[in-house]
Amino acid sequence: MLNTIMKTKLFGWVDRRTGAEAIIKSQLTEYPAPKNLNYMWNFGSLALLVLVLQIVTGIFLAMYYKPSAAFTYGAYTVAFDSVERIMRDVNFGWLIRYMHAVGASAFFVVVYMHIGRGLYYGSYKEPRELLWIIGVVILLIMQGSAFFGYLLPWGQMSFWGATVITELFGALPVIGEYLQQLLRGGFAVGDPTLNRFFSLHYLFPLLLAAIVGGHIHALHVVHSNNPEGIDLTKPEEKIMFHPYYTVKDAFGVAVFLLGYCYFVFFNPQAWGYFIEVDNYVPANNLSTPAHIAPVWYLTPWYTILRSFESKLLGVIMMGASLAILFALPFLDRSKVRSARYRPVFKQMVYLFFVTVIVLGYCGHSAPTPTLKLVGQIATTYYFAFFLLLLVVPKFEKTKPEPEGI
Amino acid sequence: MKLKQLFIATGALAAALFANTAMANEGHGPALKHAEVNVTDQEQIRRGLTVFSDVCMGCHSATYVTYKDLMDYPEIGLTREQVDELRGDHALTEGMRTGLSPEDGEASYGKTPPDLSLIVAARRGGANYVYSILTGFEHDPAGKIPDGSFNEFFPGNRIAMPDPLAWLDHDEADTAQLEQDAQDVSAFLAFIADPHQNERRAIGCWVMGFLLLLTLVLWRLKVEVWKDVKH
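Here the protein sequences come in this chain order: A and B. Each residue of the first sequence is one higher than the one before, counting from 422 in the numbering used here. Each residue of the second sequence is one higher than the one before, counting from 5 in the numbering used here.
Since the hints were made in silico from the structure, they are not lab data. Any given hint could turn out to be false.
[Unchecked claim] Keeping only pairs whose Cα atoms sit at most 27 Å apart, straight-line, the calculated DSSO-like set for lysine-lysine is:
| no. | chain 1 | residue 1 | chain 2 | residue 2 |
| --- | --- | --- | --- | --- |
| 1 | A | LYS820 | B | LYS234 |
| 2 | A | LYS756 | A | LYS659 |
| 3 | A | LYS655 | B | LYS234 |
[What the hints assert, rightly or not] The following label-pair restraints were derived from C-beta to C-beta distances:
| no. | chain 1 | residue 1 | chain 2 | residue 2 | range |
| --- | --- | --- | --- | --- | --- |
| 4 | B | THR44 | A | VAL585 | 38 to 46 Å |
| 5 | B | PRO166 | A | ASN706 | 27 to 35 Å |
| 6 | A | VAL473 | B | GLY114 | 47 to 55 Å |
| 7 | B | PRO159 | A | VAL585 | 18 to 26 Å |
| 8 | A | GLY440 | B | THR44 | 51 to 59 Å |
| 9 | B | GLY33 | A | VAL477 | 39 to 47 Å |
We treat Cβ as the ideally placed atom computed from N, Cα and C, and that holds for glycine.
Sequences are here, hints too, so could you generate the full structure?
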């Protein structure tokens, strides 16, 4: 079909002015990709799909949503009311909002799988360092977007989550207090906070879209890694992206949509993991919920924060836990990419995945002394993983890599 | 990682999540009673509406549910005459609000009775929680909290709401009726917390059916396209 379109007069007219045909050929139909990519390589295209879903549903939600903390009836506010009006009165508003709310969690599921794949198969290594770094920037902006978005319904968890997180910035020396007030637009989370968070929640995804463009461009310069982690030199080791990977990605999309739509239509709150129970209670600055926790996708970092007695140290280490991802390509100097041929790294990276899940569990649960200790041990390994990578290549006996695939 | 391994890993993660959820729902006081609640049962929801308007609305509102909604939602489907009788002087587009002012509520009970539009969504245990609270008024075994303020299922056991169905010390003969009332109103509240939930599930079945077919087709297509690739 694409070929038919590209032969039309209209396309020719456009092509002479844009070079569209060359772009389509080099980036899609004749873009060579390794033939041995496994299903872990589907999560990149899925992430792009969810980004588009989030932006489209978000645009429609913004047509009805009103960012105001002014009281209406009882404890309800304009913002809370507008969300309920979307849920009750807007035609298929419930569908759009549940797609957006479930989409936020789906985005992180997909992106965490994507990052995990990059870690396991050494996709962050030379020549893909910058590709990885752009990816980390995307992760940070995503986390920011999600955090801003969670304030908008103006429920209890929105309010208290934002209060706790903005308070962190107050722990920084000298600029802390100023930064905290700048974020909140005042001394406490309130109407100005809601307005600026709404503004930023609209801005960040647009930044995200632009940076994702950069991520894909960077990928198409250095090309995909593959499960063997070796450089592919022979032309027979590659296949055209279209139709091989377009159809494989389409199949992946269908499987993903099965899971996504199950949650959207049958379990949108996901037992309180996607939309917390407390967020159906309107925000009340006089009543703190018994247990404040961020949504699941931010809990690993929340545990790192809570693992330190000093608030300042906790904030610094939480920042460091994300910042260290930028340094990963330069910490790990092993020439072998894929964990398949790195026995020590393979054990380490599996333990790292378990550690992040444990950190997430600790951050989601109400704090107990045992969980705190578990969280501290997990935090230690989180950082140890990255620092050990400095020395592992010195003693690790890597297995011989294949010549080709 | 092959497709099979990916599915196994996903399944294991889902199981872990589920186990975690099961644990998270425990450990908050006594286990909740199970309410027989059916949000597709028009009879039960209507009976619940009657309990709500006769009893609960003395103090509580459901402001997100308008009188017009009582006609428009097929799960309730009252006639115009029935709604007119219920609403009195209130406009059709008004939410169902109590006549008790917040100030009077605070003066009488120490706190403003919360709006119940979202109460089932806003409490762990949902409809089971509401049902358990309504039938949870007992004599304090420790004898500290006075009768009428002790509720077995309320966090901390001291509840500001007086026993609305007169559950405490009721006659044995009334038990079945009171339990039924409590379940009916729980069903009504479960329905209004998310009034498009039945439509959502109905559409969801079609969506899942379509996606299953699509997945099957794309899977065969993928296999067909890839059959010449040795990898």
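Verification of the supplied hints:
Simply put, LYS820 (chain A) and LYS234 (chain B) have alpha-carbon atoms about 24 Å apart, close enough for the 27 Å limit, and the pair holds. Between LYS756 (chain A) and LYS659 (chain A), the direct Cα distance comes to roughly 22 Å. Compliance with the 27 Å bound is thereby established for this hinted pair. Between LYS655 (chain A) and LYS234 (chain B) the alpha-carbon distance is near 14 Å, which keeps this suggested pair within the 27 Å criterion. Between THR44 (chain B) and VAL585 (chain A) the CB atoms are about 40 Å apart, so this pair conforms to the stated range of 38 to 46 Å.
About 28 Å separates the C-beta atoms of PRO166 (chain B) and ASN706 (chain A), a value consistent with the hinted range of 27 to 35 Å. Restraint check, VAL473 (chain A) to GLY114 (chain B): a C-beta distance of roughly 51 Å satisfies the suggested window 47 to 55 Å. The hint said 18 to 26 Å for the Cβ distance between PRO159 (chain B) and VAL585 (chain A), and at roughly 21 Å that hint holds. Between GLY440 (chain A) and THR44 (chain B) the Cβ separation comes to about 58 Å, which falls inside the hinted range of 51 to 59 Å.
Look at GLY33 (chain B) against VAL477 (chain A): about 43 Å separates their beta carbons, and that is inside 39 to 47 Å.
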